[in-house]
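Here's the letter readout for the chains.
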Amino acid sequence: MPQITYREALNQALAEEMERDETVFLMGEEVAEYDGAYKVSKGLLERFGSDRVVDSPISELGFAGLGVGAAMTGLRPVIEFMTFNFSILALDQVINSAAKLHYMSAGQFSVPMVFRGPTGAALQLSAQHSQACETWYVHSPGIKLVTPGTPADAKGLLKAAIRDDDPVAVMEGELLYNVKGEVPDPEEGDFIIPLGVADVKREGDHVSIITHGKMVHVALQAAGQLAKEGVDAEVVDLRSLRPLDVEAILRSVHKTNRAVYLEEGWPYVGIGAQIVALIQEEAFDYLDAPVLRVTQADIPMPYAKNLEKLAKPDAKRVVAACKRVLYQD
Amino acid sequence: MPREEMEVAPPLEYLSILDEEGDLDQELEPDLDEEELVQMYRTMLRARRFDKLLLEWQRGGRIGTFAPVSGQEASQIGAMSAARDEDWFVPSFREIAAFLWRGGDPVDMTLYNAGWNEGVAIPEDARDFPISIPVASQLPLATGLAYAIRLRGEDDVAMTFFGDGATSEGDFHEALNFAGTFQLPVVFVCQNNQWAISVPRERQTASETLAQKGLAYGIPGIQVDGNDILAVRVAADEAVKRARAGDGPTLVECVTYRLKVHTTADDPSRYRDEEEVERWKERDPIPRFRRYLEKKGILDEGEADEMTDSVEEELGGVWEEAEERIETLGGPDVMFQHVYADLPPHLERQRKWFGTDEEENDNG
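In order, the protein sequence lines correspond to chains A and B. Using this note's numbering, you'd call the opening residue of the first sequence number 1 and step up by one each time. Using this note's numbering, you'd call the opening residue of the second sequence number 330 and step up by one each time.
Warning: the hint list may mix true and false statements.
To be verified - Pulled a few chain A residues facing chain B out of the computed Cβ check, cut under 7 Å:
#  : residue
1  : D55
2  : P57
3  : I58
4  : S59
5  : G62
6  : L66
7  : N96
8  : S97
9  : L101
10 : H102
11 : S110
12 : D166
What the hints contain is simulated information worked out from the structure, not anything from laboratory work. C-beta atoms are modelled at their ideal positions from N, C-alpha and C, and glycine is treated no differently.
Sequences and hints are given; from them, build the entire structure.
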């Protein structure tokens, strides 16, 4: 299987879907002439023209709303936010228009569109541009959210998101764009990963590390360290936060009887809070220990390099949390 | 090194054709056929009457909050009548008159105002957007659908409605900026009804007019007497023609007045004088247009009165019909439909829980 970067995988997904379906268009800041801030749209302007690969004014609310209006007439817009941090300004159009108008039109208008871009912290971008935005999106019914952590997931999930009849946010990772991984050759047919299906990235029997997005890599790193100490951790990558693969979570917890949720965002009403609630409601009798969470510190992201590193979740903390639920600390 | 005046935009126009007495500037009078003029008048009457009924039903607890249209019929019908059926209607929450002009069913709107989304259901081929409630949020939507029109190579036009208050929102600026930059086929119809709930027009912006706000985005703007249906129609005709020809958007400011409450949750006696309301009643667009039609010999007094009666009669049975349909709606099945295109498993479980046949609760 070919090894390509996460960036190339997203690019392939966009190109294939734009080739397959002429109602798909890409709009955002710097996506055309500049190939996107992270070069995800490289070559697309040349291939599909400036009506379908569109540089927008700096106007997140405007182009989010424009996408909703275009989607309501049957087009399939892909709206790129340079980062989801910029999309906070656009949340009224995301939550009040995209997520509501199918419902409020009694199903008459669909909003088949994608919001995509990186979420979470990169390196030293300071507090306003280092936020994990998943909770803000996933909180509202009417929207779907996927968080690919690998190149293959990035390609398969973005393609599924574009084809979906509901608005889907695809949250990528700025630090993932250069990560390489195996992605099936396009010659071998369409590669789609359905929304709402988790993936066990590493099998194990002793403890479940459940996570999403770029934290998959931190979880795998932690699992590697635990293995050296004789602890066999399972890593469950949710991939999709709405719809949620409840069965996959329960299956893993039934097997290991211990779970840790790892996420990049804040702990307060975070994704982990939802998962912990689910596990205690549905698998209470299977648990041998409380479910713990490993998250960012509950503070705005520090700008200083050393403090930023300290504030982010890392493998060391995941290892410590796993040992705690195993009563090995 | 000069320091001199720059000509950055064409001068702004003000347009009025028909005055309060029903006298008109014949040079500016549009050439509309009699049947259409009568239809416009009848729709104004229907809107005014329906507004009154809705208000009664709301006060009687039969329907929820709504935003009355009285006073703004000329702005809405003058503008909407310039569009053809294939053009798109993108309303805010007060467009009762425009809705009726588009062929909307008062029973549907009653259903909607009673709380049933089914009331915004439109015929399969109709091009009417659902009501947008967050102020100005429909403007970017209209811009997006205009973008879609252009991408498909069609020559349809998107017409969107909003109030003076909406011009202070970011959505207004971002939508106009987009529409100007991409020269999209949108007609922005601002109904400056003088009040954004309790905040007067002067406190909304220091701009002398709202129409001039278009100029900063490279969009032609025009201010019209919004209670003069002929002036609104002429301005809207020009705007629609411009959009259809691919020459971009227009901002039409209709200077009008909200004769009633902002919404039924509002009490305007707390912030505006009755004298002001009385002054605007003298400029009421309906009697003004009636005088015009009578002077033109299109309707005589008897016919006009008869039309008022027939409209009352036509709308007389709306509530009963709406009530019959409401009885067929309701319950958890309707509540969970349409959150997503397909009902996801967790909502299927919740549907059962909120119904009566299951005891399981699962929010997962």
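Tested hints:
Evaluation of the D55 (chain A) hint against chain B yields a violated restraint, the C-beta minimum of about 10 Å exceeding 7 Å. Contact between P57 (chain A) and chain B, as hinted, is supported at the beta carbon level, the nearest pair being about 6 Å apart and thus within 7 Å. Annotation: interface hint on I58 (chain A) violated; nearest CB of chain B at approximately 10 Å, more than 7 Å. Interface hint status for S59 (chain A): upheld, as the beta-carbon distance to the closest one in chain B is roughly 5 Å, under 7 Å.
At about 3 Å, the closest approach between the beta carbon of G62 (chain A) and any beta carbon in chain B falls short of 7 Å, and the interface hint on this residue holds. Taking 7 Å as the C-beta contact cut-off toward chain B, the hint placing L66 (chain A) at the interface holds, the least distance being around 4 Å. Evaluation of the N96 (chain A) hint against chain B yields a held restraint, the C-beta minimum of about 5 Å falling below 7 Å. Hint status for S97 (chain A): holds, given a least beta-carbon distance of 6 Å to chain B, under 7 Å.
Residue-level restraint check for L101 (chain A) holds (minimum Cβ-Cβ distance to chain B is 6 Å; threshold 7 Å). The closest approach between the C-beta of H102 (chain A) and any C-beta of chain B is roughly 6 Å, which is under the 7 Å cut-off, so the hint is satisfied. The criterion of a C-beta within 7 Å of any C-beta in chain B is met by S110 (chain A), whose closest approach is roughly 6 Å, and the hint holds. Contact between D166 (chain A) and chain B, as hinted, is supported at the beta carbon level, the nearest pair being about 5 Å apart and thus within 7 Å.
Violated hints, in rising order: 1, 3; the structure is consistent with all others.
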